[in-house]
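K.L.:
Residue strings, one per chain:
There are 2 protein chains.
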Amino acid sequence: MSTLFGEGQRIVNVGLQSFAESIVAGGGKAVQVDWTPPAGGDRVAGWSLAQLLDHPEVERANEKAYAAYLAAQPVLVGIGVAGKQLPGMEARMILHAGPPIDWADMCGPMQGAVIGAIVYEGWASDVDSARRLAEGGTIVFEPAHHHAAVGPMAGVISPSMPVWVIENAGGSNRAYSNLNEGLGKVLRFGANSGEVIKRLRWMADVLAPALSAALAKLGPLELKPLIAQALQMGDEVHNRNAAASSLFLKRIIPAALHSGFDAAAIADAVTFIAGNDHFFLNLSMAACKAMLDAAHGVKGSSFVTAMSRNGVRFGVRLSGYRFAVV
Amino acid sequence: MSTLFGEGQRIVNVGLQSFAESIVAGGGKAVQVDWTPPAGGDRVAGWSLAQLLDHPEVERANEKAYAAYLAAQPVLVGIGVAGKQLPGMEARMILHAGPPIDWADMCGPMQGAVIGAIVYEGWASDVDSARRLAEGGTIVFEPAHHHAAVGPMAGVISPSMPVWVIENAGGSNRAYSNLNEGLGKVLRFGANSGEVIKRLRWMADVLAPALSAALAKLGPLELKPLIAQALQMGDEVHNRNAAASSLFLKRIIPAALHSGFDAAAIADAVTFIAGNDHFFLNLSMAACKAMLDAAHGVKGSSFVTAMSRNGVRFGVRLSGYRFAVV
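First to last, the sequence lines map onto chains A and B. All residue numbers for the first sequence refer to my numbering, where the first residue is 988 and numbers rise by one. All residue numbers for the second sequence refer to my numbering, where the first residue is 988 and numbers rise by one.
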């Protein structure tokens, strides 16, 4: 084919899109870069932002935040219930991943998870009425990060869900996470069928009390050494948690078996954990949350203390600022 | 210092040692290589040996042996008792690591382990009378390798010890190993005090039956996939078995807890395994033994099917030959 442009030529266009369109219309290949100048083109604001690079006050603040991050020692101290443990948690509140978002703007999987949580809580008897309830405006939706909590994927946490309680050694701050359900049809991917709700109830009624008894017997469990060993064994403790889950199981089992807790419940709990290589994920997330929260609130610091998405928007929180949504 | 030799010069001497001695006497530095010609200097035998390199019959035999090695699929099928399971095991026989060795020639740790095994078996009431019994010539000492078995370090296995039973898929051959005692004062390092004997008895009376019940519930356990995963997680499944031990524990525990076996025994067994990162070692050794035995006995093959030391001598066994001791 004859074109105005040589074979193999490719053009990257920044700025007015019509330039790229003309090239394509002429038979060439062009990629349009989606770019805007810093600070939305505001020169004064852009210059102010640029001044912050290597700014001595920011550097000092960042050193302080980073030191607090490194000094943090997340310890698993037990299991609680979201409605009782999480700061600011309310009776009809559902937490979610990422920055704030209204029901109508949520992506499908997050809406599915919220609907599942409503059924799980018993606020509605089925998914249709749960959806109507969610649309009705009486349920409060807030980011888990605003309540010292994290959860994978949809990150949905409702008041009666069990949560890991992670505390930085010294008791300076706490972080929380829900318990990992495994793979397949699970709430965090937006599934809300009967088996999902049934598993969530079993997790609250059997798994959490069994783990709670085991942790009471074991005592506080330092998570950094366990994570360090798992990293050496090939985990990145996010999408690969096989080593960490095994190491955690190995730590918890002797205590569980000597806790005096109902043997059948322990057996079921252990079987569930042994079959879920992702079980440690929620612990690693909460441990990171505890460490990063320790670095939060240092005036002037640009240290990133949270990055989180809700499926629609992505949020970044800096230590010296409340949060930013992009 | 003034010498006959330049600074930094170092001499490696092969052959008559007096050359090296003269250099050292003259103020120089010389290393004497402990070397002898092949076949002990016998030119005809040496030439015959050299002919075997790349010999088509040996190559064909080695391909056959290697294929059998690769095709082997070691599966853990249960736990037995050495005296009943091991081929050729006799009532007053004690197996040991490495090539054949008489009591008088054994190194201290192996003698210590043998003495411990005699006390454990109840053939003598204390270590002094056990030593006299071992010296007396009524106990038969044979290499574990001659009875399809392996064991770490001293490798001592006596008739009433529990053994892992590993079978190659298809049932072509079996290999056995004792159970790992952990670190510290243990029989395999030559310790034979009361706590060592007590632990061995607990292993036979509690650990082995608990594991046996768990394995009966679990069914045959393929060891290659477990070892492959452990290798990816940083183990070499000899001196580093942290991953393999954890993965094994994760596989065995749900079955153990649902086996109906005495809960206290299961709890103690699991606690013991969870506290011993070397627990899998004996399983990996027996798995390798099963795989290498599958390659043994191919006429003309120089494929190495066993390498083993007893602390004094080192033995190498080739597929087409009985064994060689160097």
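Just so you know, these hints were derived from the structure itself, not from any lab. Some clues are possibly wrong.
No copy is singled out in the list; a pair is fine if it fits within one copy or between any two copies.
[Stated by the list, open to error] Keeping only pairs whose Cα atoms sit at most 30 angstroms apart, straight-line, the calculated DSSO-like set for lysine-lysine is: (1) Lys1051 x Lys1185; (2) Lys1172 x Lys1204; (3) Lys1172 x Lys1185; (4) Lys1185 x Lys1204; (5) Lys1185 x Lys1211; (6) Lys1185 x Lys1016; (7) Lys1016 x Lys1172; (8) Lys1071 x Lys1016; (9) Lys1286 x Lys1172; (10) Lys1071 x Lys1211; (11) Lys1204 x Lys1286; (12) Lys1172 x Lys1051; (13) Lys1051 x Lys1204; (14) Lys1071 x Lys1204; (15) Lys1016 x Lys1204; (16) Lys1071 x Lys1185; (17) Lys1016 x Lys1286.
K.L.:
Is it within, between, both, or neither for Lys1016 and Lys1172, if the alpha carbons may be no more than 30 angstroms apart?
P.N.:
Classified as neither; 43 angstroms inside a copy, 73 angstroms across copies.
K.L.:
When no copy is specified for Lys1172 and Lys1051, does a C-alpha distance of 30 angstroms or less occur within a copy, between copies, both, or neither?
P.N.:
neither (43 angstroms within a copy, 48 angstroms between copies)
K.L.:
At 30 angstroms max between alpha carbons, let me know whether Lys1204 reaches Lys1286 within a copy, between copies, both or neither.
P.N.:
The answer is neither: 41 angstroms in one copy and 60 angstroms across copies each exceed 30 angstroms.
K.L.:
As a check of your reading, is Lys1071 near Lys1204 (CA-CA no more than 30 angstroms) within one copy, between copies, both or neither?
P.N.:
within (22 angstroms within a copy, 41 angstroms between copies)
K.L.:
Within a copy, between copies, both or neither: where do Lys1016 and Lys1204 come within 30 angstroms Cα-Cα?
P.N.:
Neither. Shortest intra-copy (66 angstroms) and inter-copy (63 angstroms) distances fail the 30 angstroms Cα cut-off.
K.L.:
Is it within a copy, between copies, both, or neither that the alpha carbon of Lys1071 lies no farther than 30 angstroms from that of Lys1211?
P.N.:
Only inside one copy: Lys1071 and Lys1211 sit 26 angstroms apart there, 47 angstroms across copies, limit 30 angstroms.
K.L.:
Is it within, between, both, or neither for Lys1286 and Lys1172, if the alpha carbons may be no more than 30 angstroms apart?
P.N.:
Classified as neither; 43 angstroms inside a copy, 56 angstroms across copies.
K.L.:
Using 30 angstroms as the alpha carbon limit, work out where Lys1185 and Lys1204 are close: within a copy, between copies, both or neither.
P.N.:
both (28 angstroms within a copy, 27 angstroms between copies)
K.L.:
When Cα atoms must be at most 30 angstroms apart, do Lys1185 and Lys1016 count as within-copy, between-copy, both, or neither?
P.N.:
Cα proximity of Lys1185 and Lys1016: none, with 53 angstroms in one copy and 79 angstroms across.
K.L.:
Since the copies are identical, ignore which copy is meant and state whether Lys1172 and Lys1204 lie within 30 angstroms (CA to CA) inside a copy, between copies, both or neither.
P.N.:
Answer is between: at 28 angstroms across copies they meet the 30 angstroms cutoff, but 32 angstroms inside does not.
K.L.:
Is it within, between, both, or neither for Lys1051 and Lys1204, if the alpha carbons may be no more than 30 angstroms apart?
P.N.:
For Lys1051 and Lys1204, neither the intra-copy (36 angstroms) nor the inter-copy (55 angstroms) Cα distance is at most 30 angstroms.
K.L.:
Cα distance capped at 30 angstroms. Does Lys1016 pair with Lys1286 within a copy, between copies, both, or neither?
P.N.:
neither (48 angstroms within a copy, 66 angstroms between copies)
The structure does not agree with the numbered hints 1, 5, 6, 7, 8, 9, 11, 12, 13, 15, 17 stated previously, though it agrees with the rest.
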